[in-house]
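S.K.: Chain by chain, the residues run as shown.
Protein chains: 2
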Amino acid sequence: MINLNKRPGKGSKSFTLAGLKFATCCSGTKYKNRDDLLLIVLDPGSHICACFTVSTMPSAPVIFSKKNIRKAQNIKQNLVLLINAGNANAFTGKQGLIACENKAQALSSLFTCDIKNIFFSSTGVIGEQLPHQDIIKHLNLLKNKLSESGLEAASKAILTTDLSSKIYTKKFKIDNKIFTISAFAKGSGMIMPNMATMLAFIFTDFAIDKKTLSTITRKSIHESFNRISVDGDTSTSDTVFVATTNKKKVELTKDKKKKAIDVFYNELKGAMIDLAKKIVIDGEGATKFITVRVKNAKTVYRARKICFSIANSILVKTAIAGEDANWGRIIMAIGKTRIKLEITKLKIYIQDFLLCKNGQGISAIDETSLSKALKKRNINIKVDLAEGDNEFTVWTSDLTDEYIKINADYRS
Amino acid sequence: MINLNKRPGKGSKSFTLAGLKFATCCSGTKYKNRDDLLLIVLDPGSHICACFTVSTMPSAPVIFSKKNIRKAQNIKQNLVLLINAGNANAFTGKQGLIACENKAQALSSLFTCDIKNIFFSSTGVIGEQLPHQDIIKHLNLLKNKLSESGLEAASKAILTTDLSSKIYTKKFKIDNKIFTISAFAKGSGMIMPNMATMLAFIFTDFAIDKKTLSTITRKSIHESFNRISVDGDTSTSDTVFVATTNKKKVELTKDKKKKAIDVFYNELKGAMIDLAKKIVIDGEGATKFITVRVKNAKTVYRARKICFSIANSILVKTAIAGEDANWGRIIMAIGKTRIKLEITKLKIYIQDFLLCKNGQGISAIDETSLSKALKKRNINIKVDLAEGDNEFTVWTSDLTDEYIKINADYRS
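Going line by line, the protein sequences match chains A and B. Heads up: the first sequence is residues 246 to 657, going by the working numbering. Heads up: the second sequence is residues 246 to 657, going by the working numbering.
Bound-form chain A, shown alone (with noise of 0.2 Å):
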């Protein structure tokens, strides 16, 4: 259960990491009188892996770094990320490409690289052409303002509908030596796997192969990313970066190594979720932080899909804003997927609360402890399926009068 009152990005100390560098700027492309323009720039010796949109709309930066990841990239030179607010450079047709083209040309001379090692992330409206000229007027400014500190400038820089910045930083022991991850990410509305209207970053020095952190990046993601939703809407820009500067090894046994990058594994996962979680919690309008988990399922995609239907109901979405546990509507959604069950085996819970079994509802419940229960941030829907023993979870948002407001004037 994530901390509510700790929240994200306030007064957080994050950690530096050697060879891992960030600038700001206001790009003027949106935003006037904020930074909306991040440069990051790796140390030489650096790798880097990320997954993308599921979108088949996936916008121009999308299209330029997926493109780029798969290549191998020139180790002996520095890996370049740069990130611009405001506009997504989607569905841009050949002018966006060709925005992207001309971004890394520039950065490709600034930074005496190969165009492979350089990656675009855009996020914001639609459809529009990216002033990239206006962005690329700027690079040499933000290399000159290059510096390991700037994680938490950088985690403002690429926000949009966002309340707060989202930062993760760690740091963790493996055989007594001491590593860090360092990370942020964006995102409160699109939201739904795969991946969600999400950007995130994940930094670290442990040393490891590429081929490695790709698969162990992609494991992270179904048990974080993956699992939450906000509104059912998937983005077109959806992107997540993680990347290793290399700069600390464990010299170890081959035995010893598969227990390193297992513990690895875990820390890269809980950044994931933590930054997950980050994001529901700002959740357009979100009041509410709901977990729904589905268990004892015969199979896991039966949870899965249940756990989806329950979690993207506008009607049980509104139904928690409203402090109802409405668990009808639970049942409805569960109804909706087509999963055949017995439906007296079925429990739901709220807030711990059992509110069915046997086909039915109980009618001994106490009102007055379940109406407080349901006046807290933190909402747990369970259901039991009695059917086999896997089980999913999801985390979500409610749905309130302002997410409306902010998505009726926000052209995204």
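Simulated from the structure, these hints should not be mistaken for lab results. All figures in this text were calculated on a predicted structure; none of them were measured in a lab. Please note: incorrect hints may appear among the correct ones.
Repeated chains share a single entry, so a pair holds when one copy, or any two copies, can fit it.
Simulated crosslink set (DSS-like; lysine-lysine; CA at most 30 Å straight-line) [said to hold, decoys possible]:
(1) Lys415 to Lys504
(2) Lys504 to Lys620
(3) Lys585 to Lys312
(4) Lys311 to Lys543
(5) Lys493 to Lys503
(6) Lys540 to Lys321
(7) Lys590 to Lys311
(8) Lys464 to Lys258
(9) Lys311 to Lys550
Based on these hints, arrange chain B on the given structure of chain A.
M.R.: Quick look at chain B alone, frame taken from chain A:
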């Protein structure tokens, strides 16, 4: 295009059908100062067929009626329908089914008919036991009130969060004989095929065998109620009943009879489309009636999937509520279906304004005219895939903060 100025149910003169009678009263089970119980009785010789929700959590009246509809009714007896509003008798276990059986026993005695000639619908809160004794004690009163002219009152007694009743009534001619369809429906939330939280009751005097009536009922539902969506949620209670008194026959040659059935099919489909659209117009908190049409698709499946992805996208619905021609969100909704398309062939129109082609937005748009067009109540979204010759259309509503208010407060 439905005429939105002619509000449904207002000032419409509905046609009576010989052998079809209605009676309503206030049962006191939920609503205190309005009729919420409806009895419908058809003369001996009538036929009835029905379609039910695909939810795997069907309500007790759905389970009960579904069983009866499969049996051969006793043609020499009345057909009896009893509908209540305010309590869905869904997820009420054995007690819920006992409630149906007890009501059926009482009606069977009252109308001297077999149990298999009796049908129920219940709409309202899920998970609360139906106080069926309170209903049964009103049956005598209802029997005495039965009248052929009670359609308007009937259409009102079944409403829950609906703002207005939904009536369709029309005379049509086959071979110089005049026939009638009179029908009504309810539904404004939990609306998504198949078939939305909705009840519909459609009556005719056109004589037709039960098997053919079933076939064209199913076909008509695919063209109407299965093409609407308010919130993507599917209820446990959805039912469409279609019944004929069989009072008026066409005595024709085999060829002409086939033609007559085609005419009737079109009339039945017309009635269902009208009622389906009225449900969307009355969608909870809706301010816009949106027609989403995907044309020139390789297959109907592709067109349908894209249609519903657009129609159910919260972000598209809120953009339309905000009168914003936000075609970027339509791109997002198309992309998330994971259907692979040739992006450069794709064209998107809102209110007949071409907004994107060749994989990018069109800059030369008359924004003033477009902005004016978006203020209309009827909104048309058209997507041209330019890959085949199949199409699909879905009707939906926008999503406003009023929807949230209704559903955060109302326990359904």
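S.K.: Give a verdict on every hint.
M.R.: Status of the hints after comparison with the structure:
Within a single copy, Lys415 and Lys504 get their C-alpha atoms as close as 19 Å, which meets the 30 Å cut-off; across copies the closest is 76 Å, which misses it. In the homo-oligomer, the alpha carbons of Lys504 and Lys620 never lie at most 30 Å apart, since the shortest distance is 43 Å inside one protomer and 62 Å across protomers. For the identical chains of this complex, Lys585 and Lys312 are inter-copy neighbours only, at 18 Å across copies versus 42 Å inside a copy, given an alpha-carbon limit of 30 Å. In the homo-oligomer, the alpha carbons of Lys311 and Lys543 lie at most 30 Å apart only across protomers (28 Å), although the nearest pairing inside one protomer, at 36 Å, exceeds that limit.
In the homo-oligomer, the alpha carbons of Lys493 and Lys503 lie at most 30 Å apart inside one protomer (16 Å), although the nearest pairing across protomers, at 82 Å, exceeds that limit. For a Cα distance limit of 30 Å, the shortest separation of Lys540 from Lys321 qualifies neither inside one copy, at 49 Å, nor across copies, at 52 Å. Taking the shortest Cα distances, Lys590 and Lys311 sit within 30 Å of each other only across copies (23 Å), while inside one copy they are farther apart (46 Å). Proximity of Lys464 and Lys258 under a CA criterion of 30 Å is satisfied intra-copy only: 28 Å inside one chain copy versus 64 Å between copies.
In this assembly of identical chains, the alpha carbons of Lys311 and Lys550 lie at most 30 Å apart whether taken from the same copy (28 Å) or from different copies (27 Å).
This entry does not satisfy hints 2 and 6, going by the numbered hints stated previously.
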